[in-house]
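> Protein chains in written order, with our numbering: chain A, 3 to 416; chain B, 37 to 388; chain C, 23 to 168.
Some clues are possibly wrong.
[Unchecked claim] Pairs of lysine-lysine, DSS-like flavour, derived with a Cα cap of 30 Å:
| id | chain 1 | residue 1 | chain 2 | residue 2 |
| --- | --- | --- | --- | --- |
| 1 | A | 199 | C | 92 |
| 2 | C | 80 | A | 386 |
| 3 | C | 57 | C | 92 |
What the hints contain is simulated information worked out from the structure, not anything from laboratory work. Nothing here was measured: the structure is a model prediction, and the numbers come from that model.
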Amino acid sequence: MKSRWWILVAALAVPLAAQTAKNTCVECHAALDGALAKPAQLFDRDIHKKNGFSCVDCHGGDPSTEDPTKSMNRARGFVGKISRRDAPARCGRCHSDANLMHRFEPQQRVDQLAQYRTSVHGKRLAAGDTRVANCVDCHSVHDIRAVRDAESPVHPLRLPETCARCHADAEHMKGYKIPTDQFEKYRKSVHWDALAKRGDLSAPSCATCHGNHGAAPPGVASVARVCGSCHVVFENLFAKSPHRKPFDSMGLAGCVVCHSNHEIAPPTVAMVGTAPCAVCLNCHGEGDKGYQAAARMRSRIDELEGSLKRADSILRQAESSGMEVSQPLLDLGAGNENLVKAKVDLHSFDPAMVDTAVSKGLEIGQAAQRAGEKAMVERDYRRKGLALSLVTIAVTMAGLWLAVREIDRRRNHT
Amino acid sequence: MLKRVTDWLEDRTGFDSVREFLKHKTVPIHSATVWYYFGGITLFLFVIQVLTGMLLLLYYRPTPGEAFESVQFIVTQVQFGWLVRSIHSWSANLMVLSALIHMFSVFFLKAYRQPRELTWLSGMVLLFLALMFGFSGYLLPWNTLAFFATKVGTDMAGVIPGVGHFVLRFLRGGEEVTGATLTRFFGFHVAVLPGLTTVLLLFHLALVQKWGMSSHQPPGTTVPTMPFFPNFVLRELVGWYGALAVLGSLAALFPWELGTKADPFAAAPRGIHPEWYFLAVFYTLKLIPSKILVFDGEVVGILVFGLGALGWMLMPFWDRRSGGEERHRLLTGLGVFVIAYLVVFSALGYWR
Amino acid sequence: MPNTEPTTGRRGLIRALLRTGFGASLVSFLYPAMKFMMPPPVAESAANQVSAGRADLKPNSARLFRFGSKPALLVRTPAGEMRAFSAVCTHLNCTVQYNDQSHQIWCACHNGQFDLNGKVVAGPPPRPLEQFTVHVQGEEVIVAKG
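Looking at chain A on its own, in the form it has when it is part of the complex (with noise of 0.2 Å):
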């Protein structure tokens, strides 16, 4: 029993002996030159050793002694730089470990290697690339922060840049025959806007849409799933949507025929229709039935937005002629809330189903148009009362100045 308590109290006095304990390798270090001398100043940041681990953890060897030969005696331990075959490793020896994790971050997962090993990077790697990522590649080394630290570079907000340190580098990338303009297309892309413009960090970036350990590109069959993580109306119309089997069978990948992979602009009407710039347009031809249905679709919504178009101005100028009319402003809310129907019932394919949106918010339109109307009337019925006022006045006016007229000539007589 008494024995017992005693291992307790070691296990918790390990990290703590570190810190106050001698460290050799950070005295010497420190005194070095350039590339040795800055893994002991970086790791002063380091989240590692604020969780009290120092340089043997990963190194190996002998931090009591200042004597080079028994410190770093590889007979004693000592492991020296970590190649990059087999960091991914090394790093797994406590991140895959559930017990050891859960006494200093019991939320995180422990499955960073056995996802690595399922990616393209690791795949790679245990084939013999070594140019491919490892965990200090993304995480960085010797000054590695937390995830919502927002001076790691996987925090979010610098997670895209971290992989185009990379994966936009064509002199890195040469020989792996994928292209290197993802990051720039990104940048183009809503959802950079999302997460770098508007500071959303649930908006995606590159690990959203490929996985982070287990990065790899997203098959054909499953892009419309990975979009619709997020985006679920969608897919759930896309699946019942005429679309779906001819676009499965042809191996074409779902959202990203119409929207793009990395560059996926902010959709607009302009995209539907059988206008030149209409993406419609990449498959359906003159006369086919796809084309007439999306030529009545975007006739629709087109209606619709002019509608509600029409009626917003005439509401607000008679607004800003001082009437009231917040009422039919705010119905005409519940008007542009069909118009975005509209546009999202648009990815069944099906002309049906937007004419129901459209019809209900084309009612509303019509409402809140003839609101304006009456409004614009009510104005002319004011401007009606300012002629008959302003005719008032220049009545008054005229007796005013016969009056003036008559004094004055009656003066003149005496």
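Given the structure of chain A, go ahead and fit chains B and C onto it with the hints provided.
The following block gives chains B and C in isolation, referenced to the frame of chain A:
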């Protein structure tokens, strides 16, 4: 019976002397008589301001959370609220305009000379109070434009050497434009300024009665006159009705916009500019380089404007000729220059 | 004929003109002023608080009401608590609704889902719904901002 009541009243008040006075009061007739009407029109517009202001007070609430909404409530829910608010805003601007015309006509007619120095002085203070009315009233709807214009305006007061920071804190009720500023401006606008204005206005009008209107002739010459009542009063009424027609048309055809509610944390929108009567000063200060020799440009600018205004106000004390007859080319030239400057710089400030 | 005395007819005309003019002016000043002074049917400016109607909402249901110029949602949770939120979805401004099956607030446009604290549970909305404070005064529910 009626006679007894009027006699009783007469006995207790002595208003008969006023009636006597009015009966014999005359107004000189000459080529520039028409400019006399602008003083009366300014008075008329001030009365409209008081009346519409009282009406607005029935619904307005001077807190940052409710000011904008209560004005919105006035213009959308209250019957004729749009008209009353629009008239109040338009009449404020027309009043400043007609006060300026009144001032310049007095200046060019040299009517400020002895013995009317105090009339001029009190008039200048009244004009200054009118500008303060405009400045404080502009903030009350608590919309974006007003919020930032107030920020810029009080910032300018802040650069006055020595007392600047005190004035800024006094005006804002703190370091920043906040709800405290709104409360203060509301107090200034509906209590402090109306009180001061009423007292000064009575003084100004009493002086006008005491000295009569300037005849624009050498002393001693007899000038054709007309009786104040009813001849001049009826003419003045024509002017008032004319002003009313202009005011009504502007208010009904171009209702004063409310804009969007002020957001103290938003960035200042582009094209912020104050009310038109501050534009010339505002634009000039924008043009002044940030450093003149070793002095801060803005400070120099504000000092120059302050001294200029003071000099203009003390006009009767350094143009010491008496009567309105003698011409003074240099002063007339100065007046023309000031008008040209105000017009050009206001226009530049508006369109740039 | 400049020297002839004005006829009584002419003087009468002037007097009539002036009388109608002054009379009409007086009416046109007083009428709007009186109308202005009468309180309008909506007795208060909708600034920081608004009535969300009667407190007769059943548990696990919700009702839309108007807060200023925007729709808002009054929810009675299955446990019987009253909560109020802005009903404007933070994604594309659609109006959200209560889903009594999942006990969540739901936007039909892009399937955005919020829990009964207004937090985003699923879908594209970038921010939670703005929550208002609810006071029940007798039979009436008063909802206030902030």
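> Take the hints in turn and mark each one as holding or not.
Now for the hints, and whether the structure bears them out:
Restraint check for residue 199/A and residue 92/C: satisfied, since their Cα atoms lie roughly 26 Å apart, inside the 30 Å limit. For the hint linking residue 80/C to residue 386/A, the alpha-carbon distance of about 51 Å lies beyond 30 Å, and the restraint is violated. Between the alpha carbons of residue 57/C and residue 92/C the distance comes to roughly 28 Å, so the proposed pair stays at or under 30 Å and holds.
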